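*Asks:* Given chain A, put chain B in place with the hints provided.
In order, the protein sequence lines correspond to chains A and B. Count the first sequence with our numbering and you get residues 1 to 363, in order. Count the second sequence with our numbering and you get residues 1 to 256, in order.
If you're looking for bench data, these hints aren't it; they were derived computationally from the structure. Do not take every clue at face value.
[Stated by the list, open to error] Think about it this way: if two alpha-carbon atoms lie no more than 16 Å apart in a straight line, the pair counts; the simulated EDC-like pairs of lysine to aspartate or glutamate are: (1) B:Lys249 - B:Asp220; (2) B:Lys41 - B:Glu229; (3) B:Lys83 - A:Asp72; (4) A:Lys325 - A:Asp72; (5) B:Lys139 - B:Asp220; (6) B:Lys90 - A:Asp265; (7) B:Lys86 - A:Asp265; (8) B:Lys148 - A:Asp72.
[Stated by the list, open to error] One-sided excerpt, in silico: chain A residues whose CB lies under 8 Å from chain B: (9) Leu37; (10) Thr39; (11) Lys116; (12) Gly259; (13) Gly268; (14) Leu269; (15) Ser272.
Quick caveat, the model's predicted, so the values are computed rather than measured. Positions of the beta carbon are idealized from the N, C-alpha and C atoms, including for glycine.
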Amino acid sequence: MTNPPAAKRAYLKPPITEVGVIGWLRNNLFNTWYNSLLTVLALLLLWQVVPPFFKWAFIDSVWNSPAEACRDIEGACWSVIPQNISFIIFGFFPDGQQWRPGIAMLLLLGLVIFSKDRKHWKKSLGIYWLVGLVTMATLMYGGVFGMPVVETDQWSGLPLTFMLALFGMVAAYPLGVLLALGRRSTMPAIKTICVVYIEMIRGVPLISLLFMSSVMFPLFLPEGVSIDKVLRAQVAIILFTAAYIAEVVRGGLQAMERGQFEAADSLGLNYSQTMRLVILPQALKIVIPPSLGILLSAFKDTSLVVIIALYDVLKTTKVTLSNPKWTGFSTEAYIFLAIFYFICCYAMSNYSRKLEKELHTGR
Amino acid sequence: MNETANRKTETPADGLIIDVRGMHKWYGDFHVLSDINLQVKLKERIVICGPSGSGKSTLIRCINRLEEHQRGQIIVNGTELSKDIKNIEKVRTEVGMVFQHFNLFPHLTILENLTLGPIWVRKTPKKEADEMAMMYLEKVHIAEQALKYPGQLSGGQQQRVAIARSLCMKPKVMLFDEPTSALDPEMIKEVLDVMIELAEEGMTMLVVTHEMGFAKSVADRVMFMDYGEIVEQNTPQEFFDNPQHERTKLFLSQIL
Chain A
1 MTNPPAAKRA YLKPPITEVG VIGWLRNNLF NTWYNSLLTV LALLLLWQVV
51 PPFFKWAFID SVWNSPAEAC RDIEGACWSV IPQNISFIIF GFFPDGQQWR
101 PGIAMLLLLG LVIFSKDRKH WKKSLGIYWL VGLVTMATLM YGGVFGMPVV
151 ETDQWSGLPL TFMLALFGMV AAYPLGVLLA LGRRSTMPAI KTICVVYIEM
201 IRGVPLISLL FMSSVMFPLF LPEGVSIDKV LRAQVAIILF TAAYIAEVVR
251 GGLQAMERGQ FEAADSLGLN YSQTMRLVIL PQALKIVIPP SLGILLSAFK
301 DTSLVVIIAL YDVLKTTKVT LSNPKWTGFS TEAYIFLAIF YFICCYAMSN
351 YSRKLEKELH TGR
Chain B
1 MNETANRKTE TPADGLIIDV RGMHKWYGDF HVLSDINLQV KLKERIVICG
51 PSGSGKSTLI RCINRLEEHQ RGQIIVNGTE LSKDIKNIEK VRTEVGMVFQ
101 HFNLFPHLTI LENLTLGPIW VRKTPKKEAD EMAMMYLEKV HIAEQALKYP
151 GQLSGGQQQR VAIARSLCMK PKVMLFDEPT SALDPEMIKE VLDVMIELAE
201 EGMTMLVVTH EMGFAKSVAD RVMFMDYGEI VEQNTPQEFF DNPQHERTKL
251 FLSQIL
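Chain A on its own, in the form it takes in the complex (with noise of 0.2 Å):
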C-alpha cells in the first residue's frame, strides 16, 4: 500500500577494509590461509599455462597462408580455415551456386533475431516465418528462376547443422508440450501412449535412432517409395528431442499449485482454454533453465548425423583436415568449431535469462 516512513536516523558507510578491490580481495581470495594458498597455486598455474598458449596462438602464427607457409612454424596455422572456409561452410553444396545457401542462413538469422524480440510474437510473425521458409527452400533446392537443382544429399556444412538443429528445436517443443500433457491425462489410452512414447525414445540413444531412420526405416517403405534422408534424420532429431522436453514441461505442470486449476475451472474456462491461458505460461516460464539444457544439446547431437552419412559444419571439418595438405591442423580446426558452437549456445543461453527476467512478475 504505502511505503514506510523514511527512517530518521544516520545511516554509517561500512568499513573501508569490507568493501572496494581491497574488501572483494580480502574477503574472497585470501579470507583464509588455505584460500590464500590455493590462491597463490591457482596464479602459478595460470603463469604456466596462459602465455605459452598465447605466444602459440597469437604471436608465433600465421593467418592466412598456403598450407606450405604452415610447415616451418612454431604457432598455430590459422590458415586452414580461411583457406577451406567456403568447404566448410557449404560442403558439398555446387560451386557458384554457394550465394544461395549463403543467403538462406542470412534470411534464417535475420528471422531468429527478429522473433527475439516478445513485442514480435504476433500472427503476422507466423506469416513472415512461412514466407522465409519457403523462400529459404527454394533457394536450396532450386529448380526455379534459372537455379539449378541441387539434391538435398548434396545440403551440407552450416546450412546443415542450421536447419537440423533449429526445426529439430522449434518443432520438438511444441510436440513435447503436447506428450507431457498426454502423460498426465485421465484417459488411459492416450496416457498409456504417451508413457509408452517417451519411455522407449529416451531408452535409446539418438545415435541408435538416426540408424533407424536410414537403414531400418526404408526396409518398412513399399518398393519405390523412398523418404528424403535429411528428412529422416530431422524426424529422428525432433522425436528425440521432443520426449525429454515431455518429461521436463511435465515437471513444470505438476509444479503447479492446485489453487490455479481451480481458479481456471470456477471461472468456466474449459480444459484447453485453462491450459493455453492459465497453466502452460507458468509452466513453461518454470522450465526455461532445464529445457535450454535439452535445447542447447539437441543443437550439438546434430553433429550425430555424421554416421548415417551427412555432412553437417563438423564432418565437413574434418573433410577438410583429411586433405594431405592440411594434415596435423586438427587443434586449430577444432578450436575455430569449438568457438563457433560455443557462441551458438552462449547466444541461446543469454537468451533465455533475458527472456526469464522478462517474464518474472514478482513472487
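*Replies:* Below, chain B without anything else, positioned relative to chain A:
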C-alpha cells in the same frame, strides 16, 4: 439424465438458486459429507461455520463441482450437476468462487486477471471487458493497481482483486471459502467491508468463515456443520443466543 438437467429457466420457478438434496460424498472410504440438504433462495446470505475438517469447504466446493459428489442431487440455477462437462461449465459461469489463498493468476496483470473469464467464457469484446473490469476494481477500491501483477500486492488487496475477478463473470451466486483465513489481521477488515457492500447490494452468498461478527451482521441464516453433517441452522440471532444442539454450544463456547 433426468428432467431437471434440461431445465433452462433463467430463475428457477421455485425461486431456489441452489438446491441440494440428500447429497453424500466420500473420499475413498471416508464419508466426508452425509445427507446434506440445503436450499438457497435468491439474495439469501448464508454463513457456514464449524470446526476444521467438518466438511464445510467440501460442501461449497461441491456446489461448483470442484469436488464430485457420489449420491443425491445438486441443482444450481436449474442445472443439475452430473458428469456432463457442458453442464458443469454452465454452472461454473453462474457461480463465482473466492478462495482462501486468492489463487490469482500470477503471470497476468490485475486487469488481465479480471478480463480473462469475460473475454474467453462470456465472449465479451476486450474493450467492454476492460471497462467492466475497471468498474469492479473501483468497487473493491483498488483501481489504481490495475496494471500491477498479483505478486506486487498485499494479501488483502489480492483477495479484493479475487472478489472482483469473480464479479466480472456476473455470477448469480458467490461462494467464499474462508476468504480471510490467510490474511494478516489488519487486512481482514478491508476484505470483509467489500463483502458487506456486496451483501447489501443483494448478492446471493454462501460464506464459509470463522468471522462470527460478519455472520451476526450480514447473514440471513447461519449453518453449523460437524463431522460432515449440517447439525443446526437458524437466523443469526437465534443461532448465537439460543443454540439448540450440544455440539453447537461447545463450538460457540470455544470460538466466542
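*Asks:* Against this structure, judge whether each hint is valid.
*Replies:* Here's how the hints hold up against the structure:
no., hint, verdict
1, B:Lys249 - B:Asp220, "violated (20 Å)"
2, B:Lys41 - B:Glu229, "violated (21 Å)"
3, B:Lys83 - A:Asp72, "violated (84 Å)"
4, A:Lys325 - A:Asp72, "holds (14 Å)"
5, B:Lys139 - B:Asp220, "violated (23 Å)"
6, B:Lys90 - A:Asp265, "holds (11 Å)"
7, B:Lys86 - A:Asp265, "holds (12 Å)"
8, B:Lys148 - A:Asp72, "violated (68 Å)"
9, Leu37, "violated (46 Å)"
10, Thr39, "violated (41 Å)"
11, Lys116, "violated (20 Å)"
12, Gly259, "holds (4 Å)"
13, Gly268, "holds (4 Å)"
14, Leu269, "holds (6 Å)"
15, Ser272, "violated (10 Å)"
In terms of the numbered hints stated before, the structure departs from hints 1, 2, 3, 5, 8, 9, 10, 11, 15, listed from lowest to highest.
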